[in-house]
Amino acid sequence: MQADIQELAKELGLGLDLLGCIQCGKCTGGCPVSITTALNVRFLVYEALVDALPDLGGMEELWDCTCCFTCVERCPKDVRPAELIISLRSQLVESGKIPGTIGDALMSIFRQGNPLGFAREDRAAWAEGLGIKSAREGCEVLWFVGCVPSYDMRSQAVAKAAAKVFQAAGVDFGILGTEETCCGNEVRRVGEMGLFEMLVEEGKPLLESVGAPTMVTTSPHCFNTFKHEYNLEGMEVLHYTQFLARLIEEGKLTFSGKVERVVTYHDPCFLGKQNHVFDEPRAVLQAIPGVKFVEMDRIRERSLCCEGGGGRMWFEGTNTEERLAFQRVHEAAETGAEVLAVACPFCMSMLEDAVKVQGLEDRLKVMDILELVAEAM
Amino acid sequence: MASAKPAALVIGAGIAGIQAALDLADAGFPVYLVEREPSVGGRMSQLDKTFPTLDCSSCILTPKMVDVGQHPNIELMTYSEVVAVEGEVGSFHVTIKKKPRYVEEDLCKGCGACAEACRMHGRVIDTFNQGLGKRAAIYVPFPQAVPLVYTIDPNACIYLTRGVCGKTFKCKDACPADAINFDQKEQFVEVDVAAIIVATGFDLIDPRTKPEFGYGVYPNVLTGLEFERLSSASGPTAGKILLNGKEPKDVVFIHCVGSRDPHTGVPYCSRICCMYTAKHAHLVRDKLPDARITVFYIDMRAFGKGYEEFYDRVKHEGVIYRRGEPSEVFKRGDKLVVRADDTLLRRTVEVEADLVVLATAVVPRADTEAVARLLGLERTPDGFFKEAHPKHCPVESTRPGVFLAGCCQGPKDIPDTVAQGKAAAAAAMGVLHQAMGNG
Amino acid sequence: MASRPRIGVYICHCGTNIAATVDVEAVTEFAKNLPGVVIARHYTYMCSEPGQALIKEDARKLGLNRVVVASCSPRMHEPTFRAASQEGGVNPYQFEMANIREQCSWVHHDRDEATAKAKALVVAAVAKAARLEPLEDREVGVTPGAVVIGGGVAGMVAALDVAEAGFPAYIVEKSDHLGGHVADLNRTFPDLEPVAEWLPGLIERVQSHPNITVFLNAQVARVEGYVGNFEVTVSGSKVSGSGLGEPGTHSLQVGAIIVATGYKVFDPHRKPEFGYGLYPQVITTLEMERRLAEGDLAVDGKEPEHVVFIKCVGSRDKQLGNPYCSRVCCMISAKQAQLVRQALPDTRVTVFYIDVRTFGKRGEEFYDEARRSGVRYRRGNVSEIYRRGDRVVVRVEDTFLRRTLEVEADLVVLAVGMEARQDTDEIATLLKLPRSADGFFLEAHPKLRPVDTAMDGVFLAGCCQGPKDIPDTIAQARAAAASALIPLLRGTVPVISETAVVDPELCAGCGMCVEVCPFGAPALDPLWGVSRVNAVLCKGCGACAVTCPSKAIQVRHFRPDQILAQVDVLVE
Amino acid sequence: METTEFEPKIVAFLCNWCTYTGADLAGTSRIQYPPNVRIIRLMCSGSVDPTYVLKALLDGADGVLIGGCHPGDCHYQSGNYKARRRIIALKEILKQAGMEEDRVWLRWISASEGQRFADTVRKMTEFLKEKGPNPMKREWAV
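Chains as they are written, first to last, in numbering that gives the first Met the number 0: chain A, 0 to 376; chain B, 0 to 438; chain C, 0 to 571; chain D, 0 to 141.
If you're looking for bench data, these hints aren't it; they were derived computationally from the structure. Computed from a predicted model, the values in this text were never measured in an experiment. Check before you lean on any hint, since a few could be wrong.
Result set (BS3-like, lysine-lysine): computed pairs, CA atoms no more than 25 Å apart in a straight line [to be verified]:
| hint | chain 1 | residue 1 | chain 2 | residue 2 |
| --- | --- | --- | --- | --- |
| 1 | B | K390 | C | K317 |
| 2 | B | K245 | B | K133 |
| 3 | C | K317 | A | K226 |
| 4 | B | K97 | B | K184 |
| 5 | D | K122 | C | K550 |
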């Protein structure tokens with residue numbers, strides 16, 4: 000029954016407003032995967048409304064949703080359609096009907112505090128010798144590094160760049176080291192509400208105990224969940240692009256070098272569409288001496304999703320056609336940019352793969368904004 | 000009447016005519032308000048609640064009805080018809096036929112003893128209640144009627160149809176005021192007016208013209224207006240939604256029955272059905288919290304002030320809106336089945352129902368052609384009276400000095416009808432002003 | 000002074016509106032034993048003729064001198080029952096109402112609680128009624144004439160009706176010309192009549208009418224007075240036979256004010272997904288009007304192969320705070336789509352819609368004609384627009400096909416909705432006009448008083464009250480004129496009787512009431528040294544009564560003992 | 000405990016033009032709220048005499064709500080500003096006399112804010128339930 004699904008969503012703490020839907024299709028029309036997969040969220044809402052939902056078990060396309068929330072952002076009736084998908088996923092999780100790779104990631108988070116299958120003890124290995132203090136010693140800024148930057152080799156470079164930049168700007172910061180545990184943003188979005196609750200229960204007191212007035216995250220995904228779903232007290236949550244923009248404005252971050260390159264920027268969904276942080280990343284890029292900043296066509300509210308969110312890092316998707324990231328790197332290349340700047344570890348991974356597969360390595364390099372900033376120090 | 004100024008004639012005392020008459024009378028002009036039914040009030044008096052505020056219809060209408068009955072500048076002529084109009088703008092000469100009520104208006108106290116006594120008590124189809132109840136041959140259409148005077152239905156009264164009613168007139172014996180007078184004859188009254196406002200209202204299409212919906216075959220297929228009476232506190236079930244004494248569990252509403260349908264001769268949109276159906280769905284939800292309510296629609300036309308918001312509210316009350324115009328209604332066991340292509344599901348669905356309510360099209364009154372001839376008016380292809388210009392002269396008719404108010408010009412909801420009634424009054428005020436020699 | 004109270008109490012069922020939640024019989028029985036109550040009854044509809052007859056008959060037979068009706072809000076039926084009381088020989092001001100519907104049966108579910116509350120409200124009403132004194136109805140003369148704020152179609156039509164009935168009408172238009180938004184249109188639906196064929200004529204009728212004065216580049220600077228006698232100060236230029244006069248200040252004495260300030264066109268920059276302002280191919284319906292008028296539909300010098308219309312831009316949108324339908328966009332799109340087909344028969348035209356709302360007279364037929372002319376209607380709310388080569392791509396789900404499409408187009412027309420004008424705040428403040436939740440001006444009653452406002456003598460015309468097409472605007476403008484003409488034609492208006500009055504025995508002549516009154520009603524009598532109230536100026540707000548240190552000045556009908564009597568019984 | 004059963008009595012002085020109409024709108028919109036409030040209609044919030052409020056509190060009201068038009072919207076130009084000044088002064092006096100000034104609420108609620116009216120009554124009822132019965136009752140004082 001429609002009422003049951005609405006009730007379930009409410010219990011899960013989701014703002015889904017199923018009954019407000021007028022079936023206009025704005026959600027599906029904007030859904031990045033609606034052309035390449037069978038997922039049609041507008042139709043799912045309709046099936047839920049008229050009690051015609053089929054057996055969910057066979058609906059593999061439910062895992063195609065990247066949780067970019069374009070549908071939520073655009074729905075004129077504030078229905079929050081993506082949250083229906085999350086509700087339905089939670090039912091599948093309950094009954095154990097989830098793709099194996101997602102199951103593995105969840106198990107790894109439960110056991111090791113990260114989805115990548117690495118050991119908890121190794122979480123801070125990347126930081127050795129960099130002179131980064133433990134947040135436990137007390138700090139102004141708690142830097143939440145995140146799982147991918149902690150373990151993934153490519154992203155570790157970004158983490159190191161961050162450390163360099165923060166230090167240069169004289170920021171009093173610390174990290175949680177091996178105590179740091181997955182934020183659970185994707186956990187919640189794949190519908191594993193129990194595990195997410197557990198992460199919040201353990202994470203919230205840990206983060207608050209640091210006593211830092213500010214937390215800065217490397218990933219927009221961590222930023223999103225901390226900001227909206229942790230209800231952290233006495234702590235302002237910032238994405239690093241916001242933090243850097245502030246440092247630049249306050250004159251604390253200055254550049255001695257130059258980056259003589261043409262750069263374009265890809266808005267991460269969890270930073271842009273979902274949190275409306277559009278200007279700060281651009282301000283940071285434009286502050287870097289030498290950078291010639293160019294824009295692609297589909298930016299800001301109309302940015303194209305890289306398909307890395309909502310659990311898609313761990314699930315290939317049913318898509319048989321071209322990946323959106325492929326399209327995206329061509330768009331970037333067409334602007335004449337040499338660097339496609341990103342501000343999210345997932346975007347980094349998806350877009351860098353795409354550059355390789357599309358044979359654009361000679362023309363286009365994917366770099367995190369942090370790396371460009373570090374290069375100009 | 001109190002005033003010596005030039006007078007206006009208003010034909011039809013539904014809300015459009017009532018509003019026009021009150022505005023003219025309040026401005027000091029004498030008004031003849033002619034209504035063919037025994038009471039003023041028109042369609043609005045048959046409604047239960049009104050959208051989107053859910054004000055009860057009689058709560059907001061009754062005081063206006065009382066006002067026209069008591070206004071010193073209004074001469075109210077109910078149970079009367081205009082039979083001739085001569086002259087031109089500024090000096091119309093109008094003949095009005097007063098039909099015999101067989102009850103003296105100034106004697107009747109409206110006590111109802113006659114109806115209790117009538118041999119036909121409980122045996123005559125109650126048209127005000129859309130045939131859902133029975134009344135006597137002597138009746139008032141509804142308890143708040145203005146004037147509260149009984150009328151003998153000449154087609155139902157045993158004496159008037161057969162010339163004899165037992166040994167003695169039961170009604171006459173029962174009347175404490177000695178108001179009943181079978182010797183009444185029709186009377187003709189002639190009046191001079193400077194302007195005329197036509198507010199003759201509308202009819203609803205007979206849903207039997209759409210036989211696929213089974214109206215007239217299945218007693219639990221009702222029209223929207225029948226539903227209003229069923230839901231109304233003053234209706235035959237005292238406001239309880241009961242069919243054969245049972246509460247329906249599954250209720251289905253069907254939009255556009257006849258409307259937007261050149262096939263039935265109604266190519267236009269009836270403008271009110273989307274919203275009154277939303278209101279009906281709300282009323283069912285209010286009275287039967289567990290009912291399963293489905294509305295089949297083609298386009299949801301919630302265009303007025305606060306309407307889209309009301310539609311949103313009704314959806315939040317758990318009313319299921321399905322896009323598709325049902326193709327047929329049939330019976331399966333105890334239940335009706337509504338068969339439709341759900342065009343969003345892209346599947347033909349069968350929805351079971353205990354009650355099906357048809358949102359029937361608003362059509363011109365059956366006698367529109369006769370009235371047009373009588374008043375010298377033209378009609379638009381849809382059959383309604385033609386305005387002088389659809390855009391900038393929406394209340395002027397094609398005959399100078401004759402103005403249009405309300406649904407006789409085309410379907411309208413109540414606020415638009417009231418606005419148009421007032422607009423017609425404003426137009427008439429100009430004519431009346433000129434007629435005072437100020438032109 | 001006041002006679003011994005003989006009170007009749009009447010409890011209304013309001014069908015089932017009250018009776019379903021409140022035990023009306025229990026309340027009636029309860030009321031019978033209240034002090035001063037001679038009779039208590041309940042009835043289905045107290046506002047009906049038989050309901051009112053109950054009051055009249057009881058009043059005469061039992062010699063009632065006070066009446067209490069417990070039913071709906073006094074804002075609804077106080078005049079009705081005051082009149083009924085008067086006909087029964089009871090002074091209409093010795094009537095009191097208990098609001099047991101809007102403020103009881105409709106807001107509470109629990110029958111016991113609602114009944115208890117209804118009883119309390121009845122006690123309070125009875126307590127107040129017992130202390131009410133008889134008052135006289137009062138009337139004042141009316142200054143003939145009306146000010147119409149706004150010179151669009153609504154304002155002009157309303158002014159003409161006022162003028163035709165023989166009264167001066169003053170149009171105060173903000174811009175430098177009459178005609179409003181309609182002047183920007185090319186042709187109107189559903190007849191496709193060129194605006195140029197009728198609007199200039201209307202403007203000419205207005206400008207040449209001996210009873211109409213037009214002010215351009217003008218604003219209302221100040222409003223004083225009340226229904227029947229307003230003084231409106233206008234700053235702007237008066238139009239006379241010789242043209243536009245010098246800017247200046249004009250003081251207008253009128254009996255009524257019609258507000259016809261119109262609407263604001265939605266700014267599509269607020270829907271960033273459409274790329275308006277970014278892509279030259281994306282325009283609004285208003286810009287399309289101009290292009291159609293100029294016969295120039297080319298984009299980059301080329302005839303468009305595909306023109307797409309997008310509806311509901313800025314309407315039916317909760318996220319933007321515009322939950323309402325703008326009422327005209329479906330017809331405007333149908334019109335423009337047809338005109339494109341006529342002008343460029345080889346051009347494909349697609350309209351994307353959610354619901355087609357062609358409800359007006361000849362509206363559905365017009366929609367039919369649009370489809371027959373080859374305009375393709377597809378159901379789906381466009382989600383975004385982006386560039387592909389020289390063209391733009393419209394990304395949308397066709398909800399019938401159940402497929403997301405990337406439709407290439409050369410011209411995209413956004414059917415922008417209507418919004419309330421925020422620059423009317425000043426007028427709203429001057430006239431004390433409340434707004435409804437959607438931002439448009441609030442009418443006195445959505446059903447039966449669609450052009451009246453909370454302010455007596457101030458009326459609404461056209462889209463300032465909510466979106467409307469031209470015929471509906473004209474009908475409403477004329478309706479506003481009818482409302483304004485009533486006091487003008489009558490020559491008098493009733494004014495409140497519940498004014499302040501001074502007890503000279505108690506008045507110490509301190510003058511605090513004179514200072515506090517915003518209307519200049521009280522003044523110190525130089526001879527006696529006490530305050531006196533000019534009842535014509537007094538509006539009964541009660542500011543003086545609270546301020547008076549010796550409680551010498553009080554407002555009739557809201558005297559302290561009358562209020563405290565209610566407090567007394569309500570907290571018991 | 001007695002407090003769980005306690006149903007506070009609220010006396011509301013509402014201005015005719017805004018808040019009273021807003022309360023009516025809550026009714027026509029069928030927005031439910033606790034039945035603890037008893038409304039007295041006045042023409043303007045500026046005519047609420049502090050003695051009315053005191054009398055209500057001393058006679059046993061657990062809370063007093065004064066409702067007026069939003070700043071700038073007063074039907075009588077400035078009555079609501081006068082009310083605000085007066086109620087602030089009254090609350091100050093209550094405080095100094097050791098009485099609970101937070102039992103007196105002044106709120107701006109317009110004619111179109113039916114929901115806000117209902118919410119205000121709900122919040123005030125909950126607040127007073129939490130707070131317990133009014134100790135200033137005359138019976139207690141005498």
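Quick rundown of the hints versus the structure:
Pair hint K390(B) plus K317(C) does not hold up; C-alpha atoms about 31 Å apart against a cutoff of 25 Å. Between K245(B) and K133(B), the direct Cα distance comes to roughly 19 Å. Compliance with the 25 Å bound is thereby established for this hinted pair. Note on K317(C) and K226(A): the hinted pairing holds, with a Cα-Cα distance of about 24 Å set against a maximum of 25 Å. Only pairs whose Cα atoms come within 25 Å are accepted, and K97(B) paired with K184(B) is accepted, the gap being roughly 9 Å.
Straight-line distance between C-alpha atoms of K122(D) and K550(C) comes to about 35 Å, which puts the hinted pair past the 25 Å bound.
Checked against the numbered hints listed earlier, the structure breaks hints 1, 5; every other hint is satisfied.
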